[in-house]
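Asks: Just add 63 to the spot in the sequence shown (first one is 1) and you have the numbering used here.
Just so you know, these hints were derived from the structure itself, not from any lab. Relax, there's no trap hidden among the hints.
Capping the alpha-carbon separation at 27 Å, the derived lysine-lysine pairs in DSS-like fashion look like this:
{"id": "1", "residue 1": "LYS208", "residue 2": "LYS128"}
{"id": "2", "residue 1": "LYS301", "residue 2": "LYS580"}
{"id": "3", "residue 1": "LYS169", "residue 2": "LYS194"}
{"id": "4", "residue 1": "LYS221", "residue 2": "LYS167"}
{"id": "5", "residue 1": "LYS545", "residue 2": "LYS508"}
{"id": "6", "residue 1": "LYS515", "residue 2": "LYS559"}
{"id": "7", "residue 1": "LYS221", "residue 2": "LYS165"}
{"id": "8", "residue 1": "LYS458", "residue 2": "LYS326"}
{"id": "9", "residue 1": "LYS315", "residue 2": "LYS279"}
{"id": "10", "residue 1": "LYS448", "residue 2": "LYS458"}
{"id": "11", "residue 1": "LYS128", "residue 2": "LYS279"}
{"id": "12", "residue 1": "LYS508", "residue 2": "LYS109"}
{"id": "13", "residue 1": "LYS349", "residue 2": "LYS315"}
{"id": "14", "residue 1": "LYS427", "residue 2": "LYS448"}
{"id": "15", "residue 1": "LYS356", "residue 2": "LYS458"}
{"id": "16", "residue 1": "LYS356", "residue 2": "LYS326"}
{"id": "17", "residue 1": "LYS515", "residue 2": "LYS109"}
{"id": "18", "residue 1": "LYS548", "residue 2": "LYS109"}
{"id": "19", "residue 1": "LYS184", "residue 2": "LYS221"}
{"id": "20", "residue 1": "LYS430", "residue 2": "LYS356"}
{"id": "21", "residue 1": "LYS82", "residue 2": "LYS508"}
{"id": "22", "residue 1": "LYS415", "residue 2": "LYS427"}
{"id": "23", "residue 1": "LYS415", "residue 2": "LYS430"}
{"id": "24", "residue 1": "LYS478", "residue 2": "LYS540"}
{"id": "25", "residue 1": "LYS194", "residue 2": "LYS208"}
{"id": "26", "residue 1": "LYS548", "residue 2": "LYS559"}
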Amino acid sequence: MKEWLEKMEKKGKVVGFLKNNEIFSLLEKSEAGNGEGTSPIYLDTKEGHAIYEKSMVLLFAAAVKALYPHAEVHVEHTIDTGLYFTLTDRSFPLLKMEHVAKIKEKMDEMIREGLPFVLYKGLPRKEMLKKLRREENEDKVELYKQLECQSLVTLDEKVYDYGFFKTVPSTSYLQVFDLLYYPPGLIIRMPLIDDHTQLAPFREQKKLFRIHQEFKQWAEILNMEFVASLNDLIEQEKHREMILVSEALQEKQIIQIAGEIVKMSEHSRLILIAGPSSSGKTTFSKKLATYIKTWGISPVAIGMDDFFLPWDRTPRTEKGEMDFECVETIDLDLFNEQLILLMEGHEVTLPKYDFLTGTRGEGKKLKLSPSQPIVIEGIHALNPKLTEAIPDNLKFKVYVSALTQLNMDYYNRIKTTDVRLVRRMVRDAQFRGHSALDTLKMWGKVRAGEDKYIFPYQETADVMFNSSLPYELCILKPFALKLLKEVPREAPEYLKVWELTMILSLIHELDPYYTPKTSIIREFVGNSLYEY
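Given the sequences, and given the hints that come with them, work out the whole structure.
Replies: If you want it as structure tokens, here you go:
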């Protein structure tokens with residue numbers, strides 16, 4: 064193994080290895096044998112970066128524990144390229160800049176010392192639980208009891224985590240990071256994925272952060288910050304009330320947005336709704352229209368797909384393939400021309416796109432009353448190019464995402480992108496005939512498109528809507544697990560299959576019967592009152 068590692072290190076920093084499509088850390092060298100059938104995981108890869116991030120979380124927690132032994136460290140969510148944390152301690156009611164400086168200093172010291180991460184394997188379960196209890200973290204203890212995990216990883220015997228999360232061998236690997244005071248918490252800035260010698264650029268996302276904070280309060284109201292709390296509610300048969308309150312809180316938010324639009328109805332002639340894949344944009348648009356109608360105003364939805372350019376005019380990628388993701392694939396001149404005519408009270412004949420032939424014909428005729436707003440929903444809705452001929456004061460922009468507030472425990476978050484992937488996988492299987500493998504293969508391209516075409520414009524929204532529901536993985540679980548089991552182990556996408564299966568296995572499932580027919584979750588599992 065030593066010779067194999069030295070050989071691989073010539074090509075870059077190795078932080079783990081793959082064998083039989085399973086990730087191992089360098090703390091598990093014995094699993095590699097002589098290196099046959101293994102491939103290295105380099106630091107400047109997606110998998111290597113995940114190992115770095117997990118190690119950095121434990122380093123941060125260990126530094127906090129060294130300074131403030133009774134502090135609670137919570138990893139909350141991402142903000143741009145950083146990780147947002149909160150911490151509470153009875154010795155200080157509020158986190159201050161001076162605390163952040165001390166923690167940074169302690170982390171630097173621990174990195175210089177090159178403290179080893181230690182993996183415990185094969186210890187009696189009783190011993191494992193005893194170690195976990197040292198952190199006074201009952202949520203982690205309760206979750207560990209449900210797991211089949213037979214290992215723990217620790218740093219300096221101050222912090223512990225499940226052994227299936229991989230770390231670097233020692234803190235000396237964690238040279239590039241920074242702490243940013245971000246009241247009421249702080250952000251750990253991470254290095255670039257493809258160059259771990261440089262910090263990734265960081266952009267503030269004030270509106271998105273505000274939504275995260277608002278929904279953190281919701282999670283606290285519902286007592287559902289962690290998976291163990293959610294499972295406990297289900298075991299106590301309190302899930303009906305939890306579902307009703309969750310849905311009511313979301314409906315309340317939609318009503319408030321509808322009220323804002325109606326209040327500005329003279330100006331809000333164009334309602335633009337954008338968001339990443341499987342964020343629930345379509346159901347949100349329908350719900351929003353329903354509530355606007357209760358004020359006597361009837362919005363009209365116009366689909367962007369019918370404005371696609373004919374194939375002979377469609378932009379091409381570098382490989383010469385038709386690019387249906389970019390905003391230029393839409394006939395922007397025609398789109399803007401018809402929007403202006405409609406808003407001026409003229410009748411127009413909308414186009415109708417034929418996806419089989421890549422040609423456009425005539426569609427239905429449309430004329431609006433003076434009070435009727437137009438609803439545009441799609442990935443490019445917030446891109447200023449899409450509606451550049453329309454004055455900004457006539458637009459009301461909404462950004463929709465699924466920002467999950469449910470985390471595994473204090474140190475392990477459930478990624479928003481993973482929840483959206485589960486949603487999409489279930490929906491694609493239910494309504495589009497796609498296998499889980501089909502969806503997983505497309506996901507990288509989908510995510511790249513989001514980074515390029517959606518996320519840059521999210522902060523331009525007038526309002527943001529969070530479509531996430533704390534109980535949704537309970538409903539999606541049986542659908543998703545069945546699909547994930549069909550993915551062969553040898554498929555490159557199996558690494559993500561393992562990750563999603565692990566998360567879903569921790570959560571108690573619920574019968575879809577409990578989901579209201581108008582819930583956003585129905586967009587993915589079916590049997591909705593809305594037509595799609």
